[in-house]
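J.: Now for the letters of each chain:
4 protein chains.
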Amino acid sequence: MKIKKVAIVGASGYSGEVLVQLLLNHPHAELVAVTSRQNAGQTLAQIFPKFASQPKSKTLHFTDPNVEILSKQADMVFLALPHGVAAEFAVPLIAAGCVVIDLSADFRLKSADVYKEFYAHDHPAPELLKKSVYGLPEFYREEIKKSLLIASPGCYPTSILLPTLPLLKAGLIKSAGIIADSMSGVSGAGRKAEVDYLFCECNESVRPYGVPKHRHLSEIEEQLSFAAGTKVVIQFTPHLIPVNRGILTTLYLAPSEHFSDAAGAAKVAEKISACYQSAYANEPFVRLLEGKALPDTKNVVGTNVCEIAWRLDPRTGRLIVMSAEDNLVKGASGQAVQSMNILCGWPETAGLV
Amino acid sequence: MKIKKVAIVGASGYSGEVLVQLLLNHPHAELVAVTSRQNAGQTLAQIFPKFASQPKSKTLHFTDPNVEILSKQADMVFLALPHGVAAEFAVPLIAAGCVVIDLSADFRLKSADVYKEFYAHDHPAPELLKKSVYGLPEFYREEIKKSLLIASPGCYPTSILLPTLPLLKAGLIKSAGIIADSMSGVSGAGRKAEVDYLFCECNESVRPYGVPKHRHLSEIEEQLSFAAGTKVVIQFTPHLIPVNRGILTTLYLAPSEHFSDAAGAAKVAEKISACYQSAYANEPFVRLLEGKALPDTKNVVGTNVCEIAWRLDPRTGRLIVMSAEDNLVKGASGQAVQSMNILCGWPETAGLV
Amino acid sequence: MKIKKVAIVGASGYSGEVLVQLLLNHPHAELVAVTSRQNAGQTLAQIFPKFASQPKSKTLHFTDPNVEILSKQADMVFLALPHGVAAEFAVPLIAAGCVVIDLSADFRLKSADVYKEFYAHDHPAPELLKKSVYGLPEFYREEIKKSLLIASPGCYPTSILLPTLPLLKAGLIKSAGIIADSMSGVSGAGRKAEVDYLFCECNESVRPYGVPKHRHLSEIEEQLSFAAGTKVVIQFTPHLIPVNRGILTTLYLAPSEHFSDAAGAAKVAEKISACYQSAYANEPFVRLLEGKALPDTKNVVGTNVCEIAWRLDPRTGRLIVMSAEDNLVKGASGQAVQSMNILCGWPETAGLV
Amino acid sequence: MKIKKVAIVGASGYSGEVLVQLLLNHPHAELVAVTSRQNAGQTLAQIFPKFASQPKSKTLHFTDPNVEILSKQADMVFLALPHGVAAEFAVPLIAAGCVVIDLSADFRLKSADVYKEFYAHDHPAPELLKKSVYGLPEFYREEIKKSLLIASPGCYPTSILLPTLPLLKAGLIKSAGIIADSMSGVSGAGRKAEVDYLFCECNESVRPYGVPKHRHLSEIEEQLSFAAGTKVVIQFTPHLIPVNRGILTTLYLAPSEHFSDAAGAAKVAEKISACYQSAYANEPFVRLLEGKALPDTKNVVGTNVCEIAWRLDPRTGRLIVMSAEDNLVKGASGQAVQSMNILCGWPETAGLV
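Residue numbers (our numbering), protein chains in the order written: chain L, 1 to 353; chain P, 1001 to 1353; chain F, 2001 to 2353; chain V, 3001 to 3353.
Keep in mind the hints are simulated off the structure, nothing from the lab. Every residue gets a Cβ at the ideal spot worked out from N, C-alpha and C, and that includes glycine. Among the hints, erroneous ones may be present.
What the hints assert, rightly or not - Across the chosen pairs, the derived CB separations fall in these ranges:
{"no.": "1", "chain 1": "P", "residue 1": "Val1353", "chain 2": "F", "residue 2": "Ile2003", "range": "17 to 27 Å"}
{"no.": "2", "chain 1": "P", "residue 1": "Gly1291", "chain 2": "L", "residue 2": "Glu30", "range": "49 to 59 Å"}
{"no.": "3", "chain 1": "F", "residue 1": "Ser2273", "chain 2": "L", "residue 2": "Tyr209", "range": "52 to 62 Å"}
{"no.": "4", "chain 1": "L", "residue 1": "Lys192", "chain 2": "V", "residue 2": "Lys3267", "range": "43 to 53 Å"}
{"no.": "5", "chain 1": "V", "residue 1": "Lys3271", "chain 2": "F", "residue 2": "Arg2215", "range": "22 to 32 Å"}
{"no.": "6", "chain 1": "F", "residue 1": "Ala2262", "chain 2": "L", "residue 2": "His61", "range": "55 to 65 Å"}
{"no.": "7", "chain 1": "V", "residue 1": "Lys3267", "chain 2": "F", "residue 2": "Gly2229", "range": "51 to 61 Å"}
{"no.": "8", "chain 1": "V", "residue 1": "Lys3292", "chain 2": "L", "residue 2": "Lys192", "range": "17 to 27 Å"}
{"no.": "9", "chain 1": "L", "residue 1": "His258", "chain 2": "P", "residue 2": "Gly1229", "range": "48 to 58 Å"}
{"no.": "10", "chain 1": "L", "residue 1": "Arg215", "chain 2": "P", "residue 2": "Gly1229", "range": "38 to 48 Å"}
{"no.": "11", "chain 1": "F", "residue 1": "Ile2003", "chain 2": "P", "residue 2": "Ser1111", "range": "46 to 56 Å"}
{"no.": "12", "chain 1": "P", "residue 1": "Lys1174", "chain 2": "L", "residue 2": "Glu30", "range": "53 to 63 Å"}
Work out the full structure: start from the sequences and follow the hints.
T.: Here it is as structure tokens:
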């Protein structure tokens, strides 16, 4: 298997840091460049002491991002940049022949109109939206293999789409009335010097935000609509909780089949169980919980796994599905590496277990 | 104003501790007895060093609970006991002429059948269910004034009922399809030596539990049904998050009046705003947030205040209401003291600000 | 008792916020002005929702700091400003006849030379150093009564001086070789938008900093030297731990009297105990722990109390003294209010219990 | 390289859990048995959902510990048991020909008298104390290669000995007057259902404990005495802080060579630097920090690395050395695996990076 040379643009944020960790340890990829304007000139070991035990961390220096140089150094480039900035790099890098795996929201949507509605400005490179693939491997594996521009999904979207897409595709739930209630660790806000994310502002606190129209809705709803074959609009409420990493999402769904007692629920349960088994029994990074187990972020933090459990409520006729993931791994950098593995024909779990 | 003598049965748990704090500082109540089997013989100061600066903490000793003695010492008795145990004390204490303010779930329901459904055994004193009053002052103030047995509401129920009851009573929301998603601090589990609540099991973790039929549903639904004039069944999912104190509840409600754009939403908003203003503008312990503010537990922890904010979503036609409270104060001991103040004819905020 | 009008300059930081809380509730002081450049024009309730239940929070607006206006509005002015900035306000305010209670380090030292050594620039108003009093009430009560400029001690210094000064004054410990090892909550770093104090940088982390020459050493050593009657140089290591509030200090001291067994220790213990009793038995805000109890920040957070416990070690001949305080209350704003109470002839505990 | 079969006795505690994680992923060891009385009959996946993605976690069941069976199944047995219980297993397992790697304190001391002084009962198998080796690889590598009973060091001892032993051996510091001040995460207390370690008792709290004679002193002092060639008695104060994992130790040491200014310090610094370089430059699991960097537990948690930094203080003539480690990895299970690697002739870092 040929080693590929990879670079990370924007390697000093939280997602960038996890990417560094994963790529330093990847068996088939060689990390050849890391960029960061503020850290240019310093080694990985100086900025991230935790990586100092790895020899390469002492020789690899952060550089100012430069497309021309990057395109010569690397076969593939990961963009861990703020929304809007990523496109500025993606366009010329692709033109220069690099594969781009973008962790921002810039290429996740197919519709430039929806982009404008949610991001309040015209899309900077609408022609690329047709070429990009939504990097959710469990649903776009074949497309990922052939793409040169992978738009890695957002953290909240991953935690909502993985539990929902199989049911929607199988027609087991109604596409109307979906509610997603999520709790995220503070790393989701990025390594930004803002008062709102200071320790004392987040510790001993829990708060909703972005109610009722968070930007991530755009990609969630687009993907749900593709799966349902009809326009889907959902309710989504994110909350900030005092943990470093982890997203817990609780979904309120309406089964297509009505039930109002334990017997009715059992019949529906059989179908849901079969649907999830069919979708995920062989997926290395989706874990269907059994018995009384419910998701807990502490069981997935540091891994690329998304845990899923569900309960039918005969009192309300509703289906409750709960998921847990590490927002920086399955919700960001791990999933991006998973896509890289697929794209390169490597084992999908390479560097991820 | 005559000073009343009060006792706390079960004063060594988290609710009991907050009751001690509030009653040691109350201008019209005198704490004369605190019971705790495991701490009998020790002073308040020995068990709770934080109260050691108050002279009474060095002279007041925990005792074994004894109804006969308590009924002679105290005019009013607070029961901060596990569900099921409280009734054993309430019955003889009331017989002995004491006013009882019970923080357990034993007397919160009017229906002994519902009690049996949710608590899996017959109610130990069903005749008292008719005499007890549900101690939610904002809705039962007049009844509290005349009652000898106050069943102080649960923490989750308070965080759900305060935002919901006014809307339901005014017919502004549908009684069907209500969803309540709650996050609670770990003190809600009590001061119990169980592995599940160890620091390392809760820190860096968020997890749902009790899905889909938590016991608190019984009192929530009974109160909602009274308000709606029809049987109400709701969806409720509690989550455990790593904070000591605080509950954040996000409610998904269906306005009675349909709307699908900003203009329609504005008309509905006017009515909701008027309803909340009418219900709470003069309530000392409900804070309606204005402008862009959303609830945050850190703004209510340590106080008897419940914060409420709401948003209409023209995309879904739904009403999102969010509340924050301290589960040990407005959700337990503070609310119990508020009821005591009402019952005794004292200023409702006495000892609570 | 005549109500005094008080103002806070720099009321939007963590110390400022606690000052607001204490002064809004003070029985003899009326908060008439709060300044904050960034929040000018907004009410207290808008910036600090937690105070919104107090009527004044809705009418009192933050203003830009203006000495002329402040000196007309207020009898006393609290300065909760960064080091160096406080002096710019203190000088004209005192000239205008205001009493100044400064929470910064600007006037804590008597020696302008030491100031220059530790703060790397000339003292801006050295003549005021003679007029200021070090606002540690337990040791400067009489001086505080007569002063117009109170330099309220730092958080670390308070946690070190309260356990040490009585022993040093009584000659029970040697002045050489003192070691103070402290752990502080993150609010000690102030409400500053810096990456180092983000939630994810502090949570699940403990780290020393400022080793070996932290600025607080200057005032600690000056006060210890006054007490010892000789120049004292100590070792001090601060650590940052993931709590919002609280400082725990462990002191390693050498008793003047040698001992090497339990019997010897018992004799020394008697003298130490008598010394502490004499110093603090009647102090409302110093709590000498008894029996097996050791300090715990959770027992003092939110109070103006400093807990102290000590142990003699017959194996090493050393005395270990441990203290716990809330860095924002006894370590800052509470102590400042305590000084105000003394200065104004009010009960020393007014507004602090 | 021949695969060795390994078992873990007491695999349900925090150290046991990390051992499971390390051994499930070890390239040369095969985990064949895990025991736990309370979990007997359940699979690894059921008890530790986080391991559920590994196939073996679904087939390996916890069993009741049985020496006869274990000695047939495994070549090597790790004991992650409480002090005192480990010896009951070690004796028969060694007799049956197994290599034993014990994580308890049972075989760490050479002196049965010291054991009795600190553990308050006679040593259960004093003859084995002669055969056991103290499993600190950086100092006992050769002995580990030949031993059948490895007593893996305690978490606090590791954090104190690694920074101290090289200096003491080189005569660069005095053996008298050593002070070690440590802060530990709560996992150090084990997965025990005790009120003291509940989330709400540890969160927002920092407290010293075991002052002044913690049991770990016995092994620390024995090792320091061996290194110094004279009896060493130290001062040690552990503190509990609200993190899951991590120990930060700050050491106060007296350099043998006097200095009192920057020039003098520079000369001493050169020797200390050379000593540490000589001891650790080639050690894979000791990281000497450079420049302004100071240890931070968040940089070592999840790794087998111990970070060390030091500062000379010309004001006091003292040397301050600070270390950070993960108490469950380098302080327990990682170090035990490191010893196993050495003993088996495998690369020392196998399964640890």
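J.: If a hint holds in the structure, say so; if it does not, say that too.
T.: Against the structure, the hints come out as follows:
Separation of P/Val1353 from F/Ile2003 is about 19 Å and conforms to the stated range, judged on CB atoms against 17 to 27 Å. Taking the beta carbon of each, P/Gly1291 and L/Glu30 are about 52 Å apart, inside 49 to 59 Å as hinted. The supplied range of 52 to 62 Å is met by F/Ser2273 and L/Tyr209, whose beta-carbon atoms lie about 53 Å from each other. About 44 Å separates the C-beta atoms of L/Lys192 and V/Lys3267, a value consistent with the hinted range of 43 to 53 Å.
Between V/Lys3271 and F/Arg2215 the beta carbons are some 30 Å apart, a value that agrees with the proposed interval 22 to 32 Å. Taking 55 to 65 Å as the suggested C-beta distance range, the pair F/Ala2262 and L/His61 conforms, at roughly 60 Å. In this structure, V/Lys3267 and F/Gly2229 break the distance hint of 51 to 61 Å, their C-beta atoms being roughly 34 Å apart. In this structure the hint that V/Lys3292 and L/Lys192 lie 17 to 27 Å apart at CB holds, the actual value being about 23 Å.
Checking the proposed 48 to 58 Å range against L/His258 and P/Gly1229 shows it is violated: the Cβ atoms sit about 25 Å from each other. Checked against the hint of 38 to 48 Å, the pair L/Arg215 and P/Gly1229 passes, with Cβ atoms roughly 41 Å apart. For F/Ile2003 and P/Ser1111, the Cβ-Cβ distance of about 55 Å falls inside the hinted range of 46 to 56 Å, so the restraint holds. For P/Lys1174 and L/Glu30, the hinted distance range of 53 to 63 Å is satisfied, since their beta carbons lie about 59 Å from each other.
The structure is inconsistent with the numbered hints 7 and 9, although it conforms to all the rest.
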